[in-house]
Amino acid sequence: MAEAHRRGWSEGHKSGSESSASFSKSRIERLEQRIIEPEEQLDSTRRVHEVNGCQLVEVGGYGYRWRGSDPLEVGDRVLLPENYVSRLKNGPGPTVGLGNKLGTTTYQGSLSDIVGRAGSWWRRLTGPRATTCQWGR
1 MAEAHRRGWS EGHKSGSESS ASFSKSRIER LEQRIIEPEE QLDSTRRVHE VNGCQLVEVG
61 GYGYRWRGSD PLEVGDRVLL PENYVSRLKN GPGPTVGLGN KLGTTTYQGS LSDIVGRAGS
121 WWRRLTGPRA TTCQWGR
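Each residue of the sequence shown is one higher than the one before, counting from 1 in our numbering.
Hints may contain errors.
[As the list claims (entries may be wrong)] Here are the in silico distance ranges between beta carbons for each label pair:
#	residue 1	residue 2	range
1	Asn-100	Ala-2	52 to 62 Å
2	Trp-9	Arg-34	32 to 42 Å
3	Gly-53	Arg-30	20 to 30 Å
4	Ser-110	Lys-14	54 to 64 Å
5	Arg-27	Gly-53	42 to 52 Å
6	Lys-89	His-5	58 to 68 Å
7	Glu-3	Glu-32	25 to 35 Å
8	Thr-45	His-13	21 to 31 Å
9	Ser-10	Lys-89	49 to 59 Å
10	Pro-81	Arg-34	14 to 24 Å
[What the hints assert, rightly or not] The calculated lysine to aspartate or glutamate pairs, modelled on EDC-like cross-linking and capped at a C-alpha distance of 16 Å, are:
#	residue 1	residue 2
11	Lys-101	Asp-76
12	Lys-101	Glu-29
13	Lys-101	Glu-73
14	Lys-101	Glu-32
Hint data in this document are derived by calculation from the structure and do not stem from the laboratory. As the structure is a prediction and not an experimental result, all values here were calculated from the model. The beta-carbon is built from N, C-alpha and C at its ideal position, and this holds for glycine as well.
Kindly generate the complete structure, drawing on both the sequences and the hints.
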């Protein structure tokens with residue numbers, strides 16, 4: 001009898017915990033959606049896509065300018081110019097980044113230029129980690 005009581009209590013506790021977790025998860029998802037929609041609307045009103053004929057692209061949360069003739073798309077691998085942080089982390093030369101948004105909301109003046117597209121030729125020159133560059137445009 002005691003075993004049946006323990007088993008019933010355990011199963012009831014487990015069922016209650018799962019129900020509570022499911023409710024919490026759905027509540028979090030609803031709250032996130034309530035935040036995401038206004039953020040996306042605000043983002044679209046503030047997003048700048050072009051300045052002086054150059055495409056603006058967000059890479060890793062930072063805005064960059066693309067002067068190439070073929071426009072970049074989300075997901076394109078690009079070469080970013082060396083800066084003091086990238087030099088410390090990756091060594092000298094450009095760093096490979098991934099375009100994650102077209103346009104930028106971080107534009108407030110001058111932006112660094114994207115050095116070029118990072119294609120398979122870049123991997124052949126540098127190996128798996130892009131740290132230095134010997135390319136021609």
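Structure-based check of each hint:
Separated by about 59 Å at the C-beta atoms, Asn-100 and Ala-2 satisfy the suggested range of 52 to 62 Å. Taken as a hint, the range 32 to 42 Å holds for the pair Trp-9 and Arg-34, whose Cβ atoms sit roughly 37 Å apart. Gly-53 and Arg-30 have their C-beta atoms about 43 Å apart, which leaves the hinted 20 to 30 Å range violated. Between Ser-110 and Lys-14 the beta carbon distance is about 59 Å. The supplied range of 54 to 64 Å therefore holds.
In this structure the hint that Arg-27 and Gly-53 lie 42 to 52 Å apart at CB holds, the actual value being about 47 Å. For Lys-89 paired with His-5, a C-beta distance near 60 Å keeps the hint of 58 to 68 Å intact. At roughly 43 Å, the beta carbons of Glu-3 and Glu-32 sit outside the given window of 25 to 35 Å. Range check, Thr-45 to His-13: about 49 Å between beta-carbon atoms, so the 21 to 31 Å window is missed.
Judged by the Cβ atoms, the range 49 to 59 Å given for Ser-10 and Lys-89 holds: they are separated by roughly 51 Å. At about 39 Å, the CB distance of Pro-81 to Arg-34 disagrees with the hint of 14 to 24 Å. A hinted pair counts as satisfied when its Cα atoms are at most 16 Å apart, and Lys-101 with Asp-76 qualifies at roughly 10 Å. As the CA atoms of Lys-101 and Glu-29 are separated by approximately 23 Å, the hinted pair breaks the 16 Å bound.
The hinted pair formed by Lys-101 and Glu-73 meets the criterion: a straight-line CA distance of about 8 Å does not exceed 16 Å. A distance of roughly 20 Å separates the Cα atoms of Lys-101 and Glu-32; the hinted pair therefore is violated under the 16 Å criterion.
Hints 3, 7, 8, 10, 12, 14 from the list above are not met by this structure, while the remaining hints are.
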